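Enquirer: Chains as they are written, first to last, in our numbering: chain A, 15 to 126; chain G, 3 to 112.
Hints may contain errors.
35 angstroms max Cα-Cα, derived DSBU-like pairs, lysine-lysine [as the list claims (entries may be wrong)]: (1) A/K76 x G/K59; (2) A/K58 x G/K70; (3) A/K41 x A/K85; (4) A/K58 x G/K44; (5) G/K44 x A/K76; (6) A/K85 x G/K73; (7) A/K58 x G/K24; (8) A/K76 x G/K60; (9) A/K65 x G/K59; (10) G/K59 x A/K58; (11) G/K60 x G/K73; (12) A/K85 x G/K24; (13) G/K44 x G/K24; (14) G/K70 x G/K60; (15) G/K70 x A/K85; (16) G/K70 x G/K24; (17) A/K76 x G/K73.
Because the hints were derived from the structure by calculation, they are not lab data.
Remember, it's a predicted structure, so these values are computed and weren't measured experimentally.
What follows is the residue order along each chain.
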Amino acid sequence: NAGVMQNPRHLVRRRGQEARLRCSPMKGHSHVYWYRQLPEEGLKFMVYLQKENIIDESGMPKERFSAEFPKEGPSILRIQQVVRGDSAAYFCASSPPQETQYFGPGTRLLVL
Amino acid sequence: GENVEQHPSTLSVQEGDSAVIKCTYSDSASNYFPWYKQELGKRPQLIIDIRSNVGEKKDQRIAVTLNKTAKHFSLHITETQPEDSAVYFCADSNDYKLSFGAGTTVTVRA
């Protein structure tokens with residue numbers, strides 16, 4: 015059973031470009047969560063999604079950030095017009111309903 | 003919960019000694035407390051978790067205790083080994099949102 019998959023593992027963008035981060039949950043998991051980790055800090059909750067539904071996006075910045083989990087395909091975290099402060103590791107986790115969350119390997123975003 | 007405090011921020015122990023990390027939380031509704039281990043550049047990996055209806059849980063060299071009245075929980079690693087060196091994060095949750103502590107960098111000296 016493959017674990018949570020994320021790609022790309024590393025992403026470099028210039029200021030003003032768009033970043034798209036993808037997450038494929040573990041087989042059988044219908045819940046996806048995105049977290050952001052700044053250097054030498056803990057993980058901060060961003061958004062919780064189920065298929066075709068955003069359940070809680072209270073941790074998402076109000077502008078430039080969006081997330082989706084379509085009926086088919088991976089969950090996408092999209093950051094428009096990236097700024098240097100967006101540089102961080104973005105982790106996706108998945109779980110069955112109300113169960114343990116398992117994390118993917120993360121995408122390390124660097125904004126130049 | 004929103005606020006989880008974790009102490010200490012760094013911990014250096016001699017191989018074979020025990021390591022203890024403590025966390026406090028503020029949300030009375032929190033009912034799930036996982037611990038994750040993160041090695042440099044890697045994903046956080048669940049090492050043990052405890053739910054609010056249990057006071058203690060053990061898995062080989064790792065144990066977690068929970069004091070709901072005082073709103074704190076602790077991770078205990080016995081007989082530490084060099085491969086235990088990593089950053090450890092506690093977290094709490096009352097439904098789905100994990101709130102993480104700031105992490106403890108554990109170094110096991112050979």
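Enquirer: Does each hint fit the structure? Answer for all of them.
Expert: Hint check results:
Distance hint between A/K76 and G/K59 is unfulfilled; the C-alpha atoms sit about 40 angstroms from each other, more than 35 angstroms. Using a Cα cut-off of 35 angstroms, the hinted pair A/K58 and G/K70 holds, with the two alpha carbons roughly 24 angstroms apart. Only pairs whose Cα atoms come within 35 angstroms are accepted, and A/K41 paired with A/K85 is accepted, the gap being roughly 14 angstroms. With a CA separation close to 16 angstroms, the supplied pair A/K58 and G/K44 stays within the 35 angstroms bound.
Taking the CA atoms of G/K44 and A/K76, the gap is near 29 angstroms; set against the 35 angstroms cutoff, the hint holds. Simply put, A/K85 and G/K73 have alpha-carbon atoms about 40 angstroms apart, too far for the 35 angstroms limit, and the pair is violated. A threshold of 35 angstroms between alpha carbons decides the hint, and for A/K58 with G/K24 the separation of about 19 angstroms falls inside it, so the pair holds. A threshold of 35 angstroms between alpha carbons decides the hint, and for A/K76 with G/K60 the separation of about 42 angstroms lies outside it, so the pair is violated.
For a cut-off of 35 angstroms, the pair hint linking A/K65 to G/K59 stands: about 34 angstroms separates their Cα positions. About 26 angstroms separates the Cα atoms of G/K59 and A/K58, which keeps this hinted pair within 35 angstroms; it holds. Distance hint between G/K60 and G/K73 is fulfilled; the C-alpha atoms sit about 19 angstroms from each other, no more than 35 angstroms. For the suggested pair A/K85 and G/K24, the alpha carbons sit about 41 angstroms apart, so the restraint of at most 35 angstroms is broken.
At most 35 angstroms may separate the alpha-carbon atoms for a hinted pair to count; G/K44 and G/K24 meet this at roughly 23 angstroms. As the CA atoms of G/K70 and G/K60 are separated by approximately 18 angstroms, the hinted pair is consistent with the 35 angstroms bound. In summary, the hint linking G/K70 to A/K85 is not supported, as the alpha carbons are separated by about 40 angstroms, beyond the 35 angstroms threshold. Annotation: proposed proximity of G/K70 to G/K24 holds, straight-line Cα distance about 13 angstroms (limit 35 angstroms).
Distance check on the hinted pair: A/K76 and G/K73 sit about 32 angstroms apart at the alpha-carbon level, within 35 angstroms; holds.
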